[in-house]
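Colleague: Sequence:
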Amino acid sequence: MPLPRLIILIIGLCIIIGLIIWLINSIYRLYISISFTAPLLANFLIFLIMGLLGLLIYAFIYYFNIFSSRKKSRRRNKRYANLKLPEQKTEAAQENLNAIRRQLETIQDKVAQKALLNRSQEIAENLRRGEFKVVVFGTGSAGKTSLVNALLGEIIGQVQATMGTTKIGETYSLKLKGLSREILITDTPGILEAGIEGTEREQLARQLATEADLLLFVVDNDLRQSEYKPLQILVDIGKRSLLVFNKVDLYTEEEETQILQQLKERVKSFIPEQDVISVAANPQSFPSQTGQKVQPSPDILPLIKRLATILRAEGEDLIADNILLQSQRLGEEARNLIDRQRKRQSDQIIDRYQWISAGVIAVTPLPVVDMLATAAVNAQMVIEIGKVYGCEINSDRGKELALSLGRTLVSLGVVKGAIDLLGKALQLHIATYLVGKAIQGVTAAYLTRIAGKSFVEYFRQDQDWGDGGMTEVVQRQFQLSRKDEFLKAFVKDAITKVVQPLSDSWEEETEEMEDRKPLKQPPLQQQAVLEDEEEDDW
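Here the working numbering = 1-based position in the sequence shown + 951.
What the hints contain is simulated information worked out from the structure, not anything from laboratory work. Computed from a prediction, not measured in an experiment: that's the story for all the values here. The beta carbon of each residue, even a glycine, is placed where N, CA and C say it ideally should be. Check before you lean on any hint, since a few could be wrong.
Simulated pairs of lysine-lysine, BS3-like, Cα-Cα distance not exceeding 25 Å [unchecked claim]:
(1) LYS1338 - LYS1350
(2) LYS1180 - LYS1219
(3) LYS1219 - LYS1256
(4) LYS1448 - LYS1294
(5) LYS1338 - LYS1294
(6) LYS1294 - LYS1061
(7) LYS1439 - LYS1367
(8) LYS1439 - LYS1294
(9) LYS1215 - LYS1256
(10) LYS1126 - LYS1180
(11) LYS1061 - LYS1338
(12) LYS1448 - LYS1367
(13) LYS1434 - LYS1294
(14) LYS1434 - LYS1367
(15) LYS1443 - LYS1294
(16) LYS1294 - LYS1350
(17) LYS1128 - LYS1256
(18) LYS1375 - LYS1439
(19) LYS1375 - LYS1443
(20) LYS1443 - LYS1367
(21) LYS1256 - LYS1126
(22) LYS1350 - LYS1375
(23) LYS1350 - LYS1065
(24) LYS1375 - LYS1448
Label-pair restraints from in silico Cβ distances [claimed, not checked]:
(25) GLY1368 - ASP1413: 25 to 33 Å
(26) GLU1082 - LEU1155: 16 to 24 Å
(27) GLU1265 - ILE966: 43 to 51 Å
(28) ASP1268 - ILE971: 48 to 56 Å
(29) ASP1290 - GLN1246: 53 to 61 Å
(30) LYS1434 - LEU1103: 14 to 22 Å
(31) GLN1072 - GLU1216: 41 to 49 Å
(32) GLU1284 - VAL1311: 38 to 46 Å
Throw the hints in and build the complete structure from the sequences for me.
Modeller: Here is the structure:
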């Protein structure tokens, strides 16, 4: 009971008790004074006053009952109002699927596009059908198939199976009393199996588990760390889960109680205590007095009761939550695929412009600031990267962004740092007469790359530099471009695309100069001949 109501009740009772004491005293005096002259009238007044007092107490209790019923009614109405929630989630999932299909139209990889379209159609079909999808998940030896057999009441697979018997996800239909929807139970391959095939089956099992409305995670002992982690991951992504402790017939009652308590303690942070259930899906047979083997019936009634309770109370929400989760995960996968596609396209643009910039600067060396303005932050490159990310910007906006980033590069010392870094990296590969041109050209390419990568981050975040602004983005890209593995590959490309063409050009110019020298020498040769003739005459 809420504190204000409790205080009102106590105060009311105190007042009533006080009134009763006062009334009893007053009634007694009144009765004494009247009874001497009119005994019948005195008795009538006593009964009348007692009736009024009872009516007062009844009215007080009735008021509190009405107050409580109204609150219960409001709670009930609120609960019924919440029944619209699954419909809202379903509508959100449908809208999400429509948005995903529009996204998929931009994917260039036709194979990946078709696979994602097929999955979106599967989710849409699940949305229309609306069966309860229960997935049985766990290690290969935990008795998953036996549990499914017991739930269905008929043999559907190999009982007492060895590791790896269930190689694909097998789905069966089940009806529970009181549920209008059909229940689809999927028996998955075991996790934690050895070998390549075991790994592949585990991946399939995990995929099936992520598609469940309700997950039955089966163990046959205390949770191992290798089992705890996948269970926690599935719960974290939103999977409603029951932890089923199977094969309890192999333990004493004391051992069963101890293991069950340990399981509840381990998962109490993400699975309620009532959702940890012990069963014996396929109890061990035992010999009877006549020597014949007796096969006990499966003991899974607690699981069936809990399963029915959850599906009746939460079933609609579970279906809606799962459909919404599946559509969101598919949308995230589509966005990641599109992001990788855009990254590849942006890298091609950056690669093209960085070597164009290098060629321009190498041929016509400029001061550092001019070099930066014309090569490192080319406005046309900014416009093309923006188009890749669906951001249409005009030439003026491109120039504005380019110049702004150029000033940031200068203010942070990135230009000087790039020249020093590349000068040291190139000094062993460049002839002395090419140092100036080569370093400026390669630096222009390097700065163009940093600028381009920075703009990719800008457009990825919907034309926003983030909390740290342009400065943080540029600094991060500069640090990434200083890594040895990148720098070695960049310098190797720079030698091929900048240094080598410069060397070839220099050699051609030298050869041309050499070819022109003989044309200027005849007058000198003639002068030498004349001098020789003069000596002979002498």
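Colleague: Below or equal to 25 Å on CA atoms is what counts here, so check LYS1338 against LYS1350.
Modeller: With Cα atoms ~15 Å apart, LYS1338 and LYS1350 stay inside 25 Å; holds.
Colleague: Honestly, do GLY1368 and ASP1413 meet the 25 to 33 Å range at C-beta?
Modeller: holds (30 Å)
Colleague: Does LYS1215 pair with LYS1256 here, judged by a C-alpha cut-off of 25 Å?
Modeller: Since the Cα atoms of LYS1215 and LYS1256 sit roughly 19 Å apart, the hinted pair holds (cutoff 25 Å).
Colleague: Holds or violated: LYS1439 with LYS1294, Cα cutoff 25 Å?
Modeller: holds (22 Å)
Colleague: Holds or violated: LYS1061 with LYS1338, Cα cutoff 25 Å?
Modeller: Holds, because 21 Å separates the two Cα atoms, which is no more than 25 Å.
Colleague: Sort out whether LYS1061 lies within 25 Å of LYS1294, counting only the CA atoms.
Modeller: holds (18 Å)
Colleague: Given a hint of 48 to 56 Å, does the C-beta separation of ASP1268 and ILE971 actually sit inside it?
Modeller: With Cβ atoms ~52 Å apart, the hint holds.
Colleague: Check the hint pairing LYS1180 with LYS1219 against an upper bound of 25 Å on the C-alpha distance.
Modeller: Holds, at about 14 Å.
Colleague: Check the hint pairing LYS1448 with LYS1294 against an upper bound of 25 Å on the C-alpha distance.
Modeller: holds (23 Å)
Colleague: Is the gap between the beta carbons of GLU1265 and ILE966 within 43 to 51 Å?
Modeller: Given about 46 Å between the Cβ atoms, the range holds.
Colleague: Tell me if the straight-line CA distance from LYS1350 to LYS1065 falls inside 25 Å.
Modeller: violated (39 Å)
Colleague: LYS1126 and LYS1180: Cα distance at most 25 Å?
Modeller: violated (32 Å)
In this structure, the hints that do not hold are numbers 10, 22, 23 and 30, in rising order.
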